[in-house]
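Residue numbers (my numbering), protein chains in the order written: chain A, 3 to 516; chain B, 3 to 516.
Note that these hints are calculated values from the structure, not bench results.
Among these hints, one or two may not hold up.
Pairs involving identical chains hold if they fit within one copy or between any two copies, as the list cannot separate such chains.
[To be verified] In silico EDC-like pairs for lysine to aspartate or glutamate, Cα to Cα no more than 20 angstroms straight-line:
1. Lys168 with Glu492
2. Lys422 with Glu8
3. Lys422 with Glu12
4. Lys154 with Glu193
5. Lys422 with Asp283
6. Lys168 with Asp287
7. Lys170 with Asp287
8. Lys275 with Asp496
9. Lys289 with Asp151
10. Lys162 with Glu147
11. Lys190 with Asp435
12. Lys422 with Asp17
13. Lys161 with Asp294
14. Lys393 with Glu440
15. Lys186 with Asp435
16. Lys225 with Glu431
17. Lys491 with Glu278
18. Lys196 with Glu465
19. Lys186 with Glu438
20. Lys168 with Asp256
21. Lys168 with Glu66
All figures in this text were calculated on a predicted structure; none of them were measured in a lab.
Each chain is listed here by its residues.
Protein chains: 2
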Amino acid sequence: MAQQREVFMEISPADFFYRNRDLAGFTNPSRAVYATIRELLENSLDACELHRIPPEIYIRLSQESSNDKAETYRIRIMDNGSGVPPEHIPSAFGQILYGSKYTLKQVRGTFGLGGKMAVLYGQITTHSSVHIISSTGTSRIYEFELMIDIQKNRPIIMKKDVKSNKDKWHGTIIEFTFEGDYTKAMAKIIEYMKQTAMVAPYANLTFIDPKGRLYRYTRITDKLPPPPDEILPHPYGVDVETIQRIINVTKCRDMLCFMTTHFHRVGKNTAEKFLEYAQLDGKTDPKRLTPDDSVALAQAMRNFPDFLPPDASCLSPIGRELLEAGIRKELNPDFIIVEQRKPAAYSGYPFIVEVGVAFGGEVPSKTGIALYRFANRIPLLYDESSDVAWKVANTKVNWRHYKVTPDMPIALIVHICSTKVPYKTVGKEFIADRPEVENEILRGVRNVSRRLRLFLSRKISIERERQRLNVFSRYLPKIAKFATELAEKEEEPDIKPLLGSIDRFRSFSENEEE
Amino acid sequence: MAQQREVFMEISPADFFYRNRDLAGFTNPSRAVYATIRELLENSLDACELHRIPPEIYIRLSQESSNDKAETYRIRIMDNGSGVPPEHIPSAFGQILYGSKYTLKQVRGTFGLGGKMAVLYGQITTHSSVHIISSTGTSRIYEFELMIDIQKNRPIIMKKDVKSNKDKWHGTIIEFTFEGDYTKAMAKIIEYMKQTAMVAPYANLTFIDPKGRLYRYTRITDKLPPPPDEILPHPYGVDVETIQRIINVTKCRDMLCFMTTHFHRVGKNTAEKFLEYAQLDGKTDPKRLTPDDSVALAQAMRNFPDFLPPDASCLSPIGRELLEAGIRKELNPDFIIVEQRKPAAYSGYPFIVEVGVAFGGEVPSKTGIALYRFANRIPLLYDESSDVAWKVANTKVNWRHYKVTPDMPIALIVHICSTKVPYKTVGKEFIADRPEVENEILRGVRNVSRRLRLFLSRKISIERERQRLNVFSRYLPKIAKFATELAEKEEEPDIKPLLGSIDRFRSFSENEEE
């Protein structure tokens, strides 16, 4: 047998994502610019919202150098968020799989990867360090210059500096260079910002692009949605590993305490009923469970029918009012209706779907429906046709039933918020078609579409009436004149009151009121 | 400002993929059965082929327990591959991001994740250990019982045993339990095996399913495709990090040596021309390059127009003959044509596309074309519509031009082999639409479709002729009889020779010969 030497080795997580950066969306220079801006902006928004600070974010992308070989850019992003505690700065920016996003809480970031991937990509394309300035609002501002040791997955601190912070400024500034292609990415980046403004109408965003053009998205409200809470795991989503981990750290001495302390929405009553169902004594010490007991416990948790559904109070949907205001601001439609669905859950993770439909105004009228997808307030712009919302809009809804024709300027807006959005890729491009999620979207789309149909029917009948009256208004003066002549009178009758009823219809282009 | 405490923490790669197992294809009990069988089978095939051993693989899936809550299965897979050296067994099965797949070589495994994810999934659903028996053909057989410490990403050795190996057996046996849903996954699993047999017609596969049914895919040839070679990185795919890593380990004292020693297809001539292009002195010591020099070097490498394209001799396509035999065996078509494209490359990675089209026989005749996708000899069954081959078949080819109608039983087979298949997910479900890859597929499909058109035209005209002759054969005896009567003769003329020409057409259903 022709032996070939096989080399076994361990690689670090940083090395893994360095080798497979396509997985995180850093596929080519154009996608890299997009992903860099997007990941940093999302982190900044998270850092503001979690602390209820109306975001004030400034992004500047400037061309560092350009030759026939490659284009290098420098990005600077500044936010007024909560800042990063100094002891965490090196790892938070220079170590993959390190961060504050590994909790059950609705945040934009899911994998704790994006921002670091941007820094890593900058390093591997320009071999320069990242510059970070941050303060949590204490009397000090911390400055770091970092690089990543990719093979070891550890930050290398090149320089560190502490300055006084008289104004108690809080926030984070990040600056580094990377190779990209802004020209190709521009349209997507502007669209991304526009859509971000749509779902975060309480944020001020300023973007200065490499050509010096200024894009400014101004807040229209100071009202932030309520911040999401961190929750305990729901029994439906728990496996043996989770149970073992909890057993390792629990202070409970019996199963009743164990169930009520460590799981979401399990009160004394539910816990007792469940333990009976699982054939476990409430007085058993959790530390004494055998591996087989843990397996049985995990299975029982997934199958017990009487757990309360996950509580969505930990979620922070945009809300009808804010979402409508955001869409109005960016699309200025003739008609808009938004519905927030009731909370639902998949495998123990709560989620809420918000659906909107808009007509006319600046809604692009292309063939088909313009789909705007959002997840935890992130606009999703790539791989549309793999997304559950696309599936619903294009294969589950009979639009003709709602009087929608392909040439109409219709926008469909779908927002999903969850403690765990079921993304199918690390790059957060699209959402899996979990049946529960698909169902909620479908119901939401049907409801708003029924309201759209009412609007369209009325619009169509009014359009007909208006055409009829238009004809009328053209001939009425002539008839009046003719009738006057026939009657051999001098003065024509006043036709203005009659024409007035036509004007009533002219003004119809506003939103229907409920 | 309402402060919320943020908890920063580091998680291990095992923990990351445990938390995000959807990314690796372990989404639900049904997908888990599929992914488990698939990942283990692919590892076994790799272990055989890399050492030119005709694979002999045995898989048994048996139901361990079943209640109203969940179904537990035990999997046992045995191969005659090269075996795993004993010192690597614990980490190879119990540590994420550890393995032998992190080289530039065409293998099924890409991420070094799948097999371990299967073991990890077994552990978190049934909390039991994995049992491994392996020998590299030495005088010893090693047995391990392992679990994974997910939080630390380290294997835990529960038991270890050494036995003598008189027969010099080599191979690996893996056995563990996991929670799954075979009933739902069955159709996909059988389809997966069938398609694997199609592209690996030199393998014997035996599968015994939980109902005791035996599926056997027998080899039709002992001829294995030539094994893939490991290659050096091609200059087009190199970034600053790679250059730095090479500088750290190189023994070269000048750039000319550096270029010719560490990169794919760079000879002395090319190296000299390149160094002139990059404005670097051939005598410079690589260890003295500044960071800026490395950046300039990386950019120059990507832009120098005269590097030789990657050499595809490191690749191992299936080959026209083997692929055709495989398809014939599984689909038994009336017509088949296979084309192997010339080697091409994207970002420095060589790849070869093989395209086949088959008509009739057991090709499923549903609406549209049955697409069979393969990458490095792995059948891809999920998320078809996100794949580049689907895009080509459904949006780039005008099938009517090739006389193909939607009701026809047509199968399109696309195989891509590469040192790095551009998957878009860790679960290896579909391939990105890299322009170079898309183009090669499109050209391949057009070429085989032209041949298909010839076949279909001939088939259509023969069909017409046959119908004409059918009518003829129905009336000829009557005409003969009538003519005989008219001529007042007793004996009818012999019409058999005339009807013979009809039979000639009856036999047309075989493949056209070139």
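Hint check:
For the identical chains of this complex, Lys168 and Glu492 are neighbours neither inside a copy (86 angstroms) nor across copies (127 angstroms), given an alpha-carbon limit of 20 angstroms. In this homomeric assembly, Lys422 and Glu8 come within 20 angstroms of each other (Cα to Cα) only across copies, at 17 angstroms, whereas the closest approach inside a single copy is 39 angstroms. With identical chains, the CA atoms of Lys422 and Glu12 are at most 20 angstroms apart between copies only, with a shortest distance of 19 angstroms across copies and 29 angstroms within one. In this assembly of identical chains, the alpha carbons of Lys154 and Glu193 never lie at most 20 angstroms apart, being 37 angstroms within a copy and 42 angstroms across copies at closest.
Within a single copy, Lys422 and Asp283 get their C-alpha atoms no closer than 33 angstroms, and across copies no closer than 54 angstroms, so neither meets the 20 angstroms cut-off. Taking identical chains as interchangeable, the C-alpha atoms of Lys168 and Asp287 are never at most 20 angstroms apart, the minima being 54 angstroms within one chain and 50 angstroms between chains. In the homo-oligomer, the alpha carbons of Lys170 and Asp287 never lie at most 20 angstroms apart, since the shortest distance is 49 angstroms inside one protomer and 50 angstroms across protomers. Within a single copy, Lys275 and Asp496 get their C-alpha atoms no closer than 82 angstroms, and across copies no closer than 92 angstroms, so neither meets the 20 angstroms cut-off.
In this homomeric assembly, Lys289 and Asp151 come within 20 angstroms of each other (Cα to Cα) only across copies, at 18 angstroms, whereas the closest approach inside a single copy is 40 angstroms. Proximity of Lys162 and Glu147 under a CA criterion of 20 angstroms is satisfied intra-copy only: 6 angstroms inside one chain copy versus 48 angstroms between copies. Taking the shortest alpha-carbon separations for Lys190 and Asp435, only the inter-copy value of 18 angstroms comes in at or below 20 angstroms, while the best intra-copy value is 25 angstroms. For the homomeric pair Lys422 and Asp17, the shortest alpha-carbon distance between copies (16 angstroms) is at most 20 angstroms, but the shortest distance inside one copy (26 angstroms) is not.
In this homomeric assembly, Lys161 and Asp294 come within 20 angstroms of each other (Cα to Cα) only across copies, at 19 angstroms, whereas the closest approach inside a single copy is 52 angstroms. Within a single copy, Lys393 and Glu440 get their C-alpha atoms as close as 8 angstroms, which meets the 20 angstroms cut-off; across copies the closest is 24 angstroms, which misses it. Proximity of Lys186 and Asp435 under a CA criterion of 20 angstroms is satisfied inter-copy only: 17 angstroms between copies versus 30 angstroms inside one chain copy. In this assembly of identical chains, Lys225 and Glu431 lie within 20 angstroms of each other by CA distance neither inside one copy nor across copies; the values are 28 angstroms within and 43 angstroms between.
Taking the closest pair of Cα atoms, Lys491 and Glu278 never come within 20 angstroms of each other, the shortest separation being 98 angstroms inside a single copy and 101 angstroms across copies. Taking the closest pair of Cα atoms, Lys196 and Glu465 never come within 20 angstroms of each other, the shortest separation being 32 angstroms inside a single copy and 60 angstroms across copies. In this assembly of identical chains, Lys186 and Glu438 lie within 20 angstroms of each other by CA distance solely across copies; the values are 18 angstroms between and 37 angstroms within a copy. Within a single copy, Lys168 and Asp256 get their C-alpha atoms no closer than 52 angstroms, and across copies no closer than 54 angstroms, so neither meets the 20 angstroms cut-off.
Proximity of Lys168 and Glu66 under a CA criterion of 20 angstroms is satisfied in neither setting, with 33 angstroms inside one chain copy and 67 angstroms between copies.
When the structure is compared with the earlier hints, violations turn up for hints 1, 4, 5, 6, 7, 8, 16, 17, 18, 20, 21 and for no others.
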